[in-house]
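Engineer: Going down the list, the sequences are from chains A and B.
FYI, numbering that gives the first Met the number 0 numbers position 238 of the first sequence as 237, with every residue one higher than the one before it.
FYI, numbering that gives the first Met the number 0 numbers position 281 of the second sequence as 280, with every residue one higher than the one before it.
Mixed in with the good hints, there may be bad ones.
Derived CB-CB ranges, DEER-like [to be verified]:
(1) 104/A <-> 158/B: 31 to 37 Å
(2) 15/A <-> 196/B: 36 to 42 Å
(3) 87/A <-> 60/B: 48 to 54 Å
(4) 284/B <-> 15/A: 50 to 56 Å
(5) 310/B <-> 519/A: 52 to 58 Å
(6) 458/A <-> 215/B: 57 to 63 Å
(7) 15/A <-> 264/B: 51 to 57 Å
(8) 290/B <-> 111/A: 46 to 52 Å
(9) 190/A <-> 91/B: 54 to 60 Å
(10) 264/B <-> 458/A: 34 to 40 Å
(11) 27/A <-> 16/B: 55 to 61 Å
Hints in this document: simulated from the structure, not taken from any laboratory.
For each residue, glycine too, the CB sits at the ideal point set by N, CA and C.
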Amino acid sequence: MKTIYLDNNATTPVAPEVFEALTPFLKDQYFNPSSMYERARGVSDALKKAKRTIANFLGVGNVTQILPTSCATESNNAAIYGAARANPGRRHIITTSVEHPAVLEVCKDLQRQGYEVDFLPVDRKGNLDVRTFIRALRPDTLLVSIMHANNETGVIFPVDELARLTKETDPSILFHTDATQTAGKLPINLKGSFRHVDMLSFSGHKLHAPKGVGALFVRRGTPVRPYLIGGHQEGGRRAGTENVAFIVGLARACELAIEHRDDEDRIRAMRDRLEKSLQEAIPYLEVQGRAQAAQHDQRGGPLHRGRRHALPVGRGRYLRVQRVRVHVRVPGAVPCSARNGRAFYRDARLDKIQPQPVQYGRGHRRSDPRFPRNRDQPEKAFALLGQRKGLSHRKDLMDPKFCQQCGGPLERREIAGRERWACASEGCGWVLWGNPTPVLAALIEHDDAVLLVRNREWPEKMFGLLTGFMESGETPKEGILREIREEVGLDAEVVGLIGVYSFDMMNQVILAYHCRAEGDIKLGDELAGVRHIPADRLRPWPMGTGKAVSDWLAARKQPD
Amino acid sequence: MAWEYSDKTKELFMNAVQGKDSAHLGEITDPDGIGEHGSIACGDAMKFMFRVERHPTDPLKDVIVEAKYLTFGCTSAIASSEALCAIIEGGRYTPIQALEIDNAAIVKFLEGLPSQKIHCSVMGAEALEAAVFNWAQNRGVDLRELGVDIHPHEQEEGRIVCKCFSMTEPYLRRKIKELNLRTISEITDAVKAGGACATCHHAPGGLQDLLDSIWGTADGAGKSISTAHAADGADEEGRLSPYQFAKKVETLVDSTVRPMLQKDGGDIEIVDIKDLLVYVHLTGACAGCVGAGMTLKMMVEQSLKDNVDEKIRVIAV
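Full structure from sequences and hints, please.
Structural biologist: The following block contains the structure:
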């Protein structure tokens, strides 16, 4: 089976040129670059040359500003802890809620040590609000650490602008950026647009160098205390015998990245093609990170290659997110990983989104075809994806971690003929029955057409019946009339009940009513828009409230 | 990094390079005391020597009658050397008395030195000290017995902190205390340490650690966002509350700045006001206009400075 590796934002294979450049230093050229004798000199010269290449790659003149590290995680740790320890007078840090854990967890650790940390939120599209950023700057701000591009959404943050604003506000605030996702993909010039950036991290394995090597740029004079001490290497700023082979490999990879900068257009075209076919296969697919990309397009720069695809379902709730990362360079490997994306985005508190990444594509490590192949049956596609990763809303609900009554551990027990989650603590007796929630839906005839609505959280082209939850003390009929009033500002009457449908995926039961209403529409908070579709042009969708529509249409065709 | 030398500095320098009679550039054959400081590799070096009128019985009553120097360095290094010689010759000091001449006296004689050049005056004082030590050896004077604290070997002993300028911990500790140096840049200005590769600034046992161990850990750092209000402290009465200040800025922008911008199809939005920093966003025709930067500085910032507070800074968002 032919496989295509699409996960180059997670890691890349080592380029043959890189492999070739680095192997001599694993074989004959094994000398310690710090040794004084002639043959070691050759190694130390190669090391110096490599550092100069890395410096040029970042637009840096002075080589002493480049510290080779073991990975971007080390670079980030060194930058953040180093800045904190060198500036004890300042105790406030600004970062984003969507940083890579190598920044996020370090900031949280400092928080535990008494630092104040602002985790700036991002909006639904993953963008950062510059105003919020400005408001966060304080007189005692020590450090701003904001990634260049997000590792989940591919959204590019305006690091040049943010760094400028930081430095114009107070030159003593240090600015760090994690450019792991962008080094080699977007041009970085630390003397040009990034001239206000004090520290920049990146790793080698994202640009075809091996894993286990990275770099940290520290602008000359930046107050940072060394993280690894106990050696004279790098002037004592990063002790430890240099990983010569991999640093040479990283340098070669940097050269290749410069040579291949023009590939962006080709890669972008490939990405767009894949995206299009995915959208055709899954009609409700929403692409995240597009707004920012478009903005970047206008500036004439290349795009980040990663995209996030989300499938929003239900009332204000994202059922799951699929991540598709496209950067087709080397054919012949494996698909995406979701790893900790789920927990990560929970923390991010992205509005109401609780995306749950799902892997898909075909993998050579697993033999099952994980991509839903039947394009004509999106419903099946949903179900398939949900089953595989166990990430549907229902599964989420039915898979709790702790007792909701006493907080104790849970166990599986057979209760009332079925195996269920129940509290393991003595005397508690809580059982997760998981009863479905009733949902009211209205097919409203208004102005000789059927009124469809779009929830704010839904993707742009997705419309459906008006829905809402019942409140206590009201009958279903009262409930649906209230919802219609609240959402579209109409006084309606109930013509009749269309039917009752179970929506297993959301663990809901839908009570669908046929209603009629007149008057002018006034949109409520939850809706982004309405649409009038004449009944004869109404095509029911295969899930959720769609079944009610299809039953109503069927009943309508039959003469009374 | 522009700096201005005082007239006195320029005059002394010119006298020296033109070989005027009043200058002290040169050497004394058989000096009674000779000392050096600095190194040519580090950019400036000074050899200082003096001749004394020997007292027949008591060397402590020797009087310095002539002083000369050879200095490799910049205008202020030469002028500092001249100043040192002039002060010494003018005062008929004994060598022990001459030790009283410190870098502050040299700076005063020069009618001021730019902060980046303070190290030149320090070099003069150090070379003098070395010369006096040399004199004491020649004349069999035990400085220790006299309670004079001279540290001729501290540069050779002790851990090197600044590798570029070969400066040791004992020397730097003494200088930090003597000259009351409080920050790394003050150290660099005074003795040059940390002025080249900068790696010793925050290294373990580096300059910051020396400062912290001498003065205690940093306090009061982090007040850099324009603290002009606090500094103004004196006129409490005339001070606006942050709200009043913001209101005043907004009113001014509404009444003068905005109408002007709107005439050209542009507009302005105040994004945030943080103390004396005003963050604005130019919109409409102004967004992306080449002249936006100038507009911001010349028009917006200037009118806010003129009408609200002269310390206001406008930042484009």
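Engineer: Could you work out which of the previously given hints the structure breaks and list their numbers from low to high?
Structural biologist: When the structure is compared with the hints, none of them turns out to be violated.
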